[in-house]
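*Asks:* Here's the letter readout for the chains.
Protein chains: 2
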Amino acid sequence: MTDTRERLLDAAADLFYREGVNVGVEALTKAAGVSKRSMYQLFGSKDDVLAASLERIAPGYSATLLPEDGSGTPRERILHVFRVVEEVAPQPGFHGCPFLATSVEIKAADHPARVVARRFKDGLGEFFRRELVAGGAEAPERVAQQLVMTFDGASAWGVMHGDGVNGQAVRMAEILLDAAGVA
Amino acid sequence: MTDTRERLLDAAADLFYREGVNVGVEALTKAAGVSKRSMYQLFGSKDDVLAASLERIAPGYSATLLPEDGSGTPRERILHVFRVVEEVAPQPGFHGCPFLATSVEIKAADHPARVVARRFKDGLGEFFRRELVAGGAEAPERVAQQLVMTFDGASAWGVMHGDGVNGQAVRMAEILLDAAGVA
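For the protein sequence lines, the chains are A and B, in the order given.
Going by our numbering, the final residue of the first sequence carries number 183, and the count climbs one at a time with no gaps.
Going by our numbering, the final residue of the second sequence carries number 1183, and the count climbs one at a time with no gaps.
Since the hints were derived computationally from the structure, they do not count as laboratory data.
If you're wondering where the values come from, they're calculated on a predicted model, not measured in any experiment.
Certain hints may be false.
Cross-link-like lysine to aspartate or glutamate pairs, in silico, EDC-like; alpha carbons within 16 Å at most [what the hints assert, rightly or not]: (1) A/K46 <-> A/D10; (2) B/K1107 <-> A/E6; (3) A/K36 <-> A/E26; (4) B/K1036 <-> B/D1047; (5) B/K1107 <-> A/E174; (6) A/K46 <-> A/E6; (7) A/K46 <-> A/E68; (8) B/K1046 <-> B/D1014; (9) A/K107 <-> B/E1006; (10) A/K107 <-> B/E1026; (11) B/K1046 <-> B/E1026; (12) A/K36 <-> A/E19; (13) B/K1107 <-> A/D163; (14) A/K107 <-> B/E1019; (15) B/K1030 <-> B/E1006; (16) A/K36 <-> A/D47; (17) B/K1030 <-> B/E1019.
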């Protein structure tokens, strides 16, 4: 049963990312190779599958984005995130941050998947905030918001243009860190 | 016939923005009060309706965002755009920039609506670039990209948080303009 759950969530995360949140239950269960009956034994609804699939990818996505514990200065650790964005954005099949995509696609802010997405993005903001405090930033809360906006703005640019962000995600982060006094 | 076309496109723009691009032809024609037959006499497909509805809202959206011709310094003219974002983002029913939303929701980059969205966003970038040149910016092309990323990042934050962007869209634009030497 755990296997079925994982297979379903992996297929869901992949399909929702590639095709959007409106993928139907039929296509979803088919891609996962599980029966609809099995799906409904595990989850109350497709909405719950969607939310759970975002929960499932969150740790791996964080591991990709964030620097290793204890490595580098706060400035370096923050810039690491944007270097990953620069690397990922030009890749074929890039559709932006999956948590941003879900939040844009689902219009109801209280949808369970949007709650998961918001939590993830707040976690990224909290990472920035902690590093900014460690780096002696002025107004760390605000600068953390600026960095999250840079992250999502880069994601949007990458989706819109399909050929990466030309170093401007890292550049913007550098400018914002300079302005905040994080050397 | 012109009337029918306009009614259909207005209803489409509104529905697609509020509910997403997956609204069906049934719901769309019902909301517009036109028959499916009329729709298919005017447009080859729902995809074409979607693209045409974005074309239709583009001039009004530009008029909302951009400053009046000839008003203010280049810096002021650029900041005007971000003041509008600050004003619009906390409003109920805000789902972000409609051109960004469409580009995130539709995964195929060559979809006609994505082509319209990209053209709009490139137009915004071109406005920034011209003002940056007029303001004597270093690397105007790159700074224009940074400002577009700020615009979309603010849009994303507004969607994600539902209560505006706390002055940080304007603040980021100011920091980027300072760094580019646009006083």
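*Asks:* Compare the structure with each hint and give your call.
*Replies:* Outcome of the hint check:
1. A/K46 <-> A/D10: holds, 14 Å
2. B/K1107 <-> A/E6: The given pair, whose Cα atoms are some 25 Å apart, is violated under the 16 Å limit.
3. A/K36 <-> A/E26: Roughly 7 Å separates the two Cα atoms, so the pair holds.
4. B/K1036 <-> B/D1047: holds, 14 Å
5. B/K1107 <-> A/E174: Judged against 16 Å, a Cα distance of about 31 Å means the pair is violated.
6. A/K46 <-> A/E6: holds, 15 Å
7. A/K46 <-> A/E68: violated, 35 Å
8. B/K1046 <-> B/D1014: holds, 14 Å
9. A/K107 <-> B/E1006: violated, 25 Å
10. A/K107 <-> B/E1026: Distance of about 20 Å is beyond 16 Å: violated.
11. B/K1046 <-> B/E1026: With Cα atoms ~10 Å apart, B/K1046 and B/E1026 stay inside 16 Å; holds.
12. A/K36 <-> A/E19: At roughly 20 Å apart (the allowed maximum being 16 Å), A/E19 and A/K36 break the hint.
13. B/K1107 <-> A/D163: Measuring from Cα to Cα gives roughly 15 Å; hence the hint holds.
14. A/K107 <-> B/E1019: This hinted pair holds, its Cα atoms lying about 6 Å apart.
15. B/K1030 <-> B/E1006: Answer holds: B/K1030 to B/E1006 is near 14 Å, not above 16 Å.
16. A/K36 <-> A/D47: Answer holds: A/K36 to A/D47 is near 14 Å, not above 16 Å.
17. B/K1030 <-> B/E1019: holds, 15 Å
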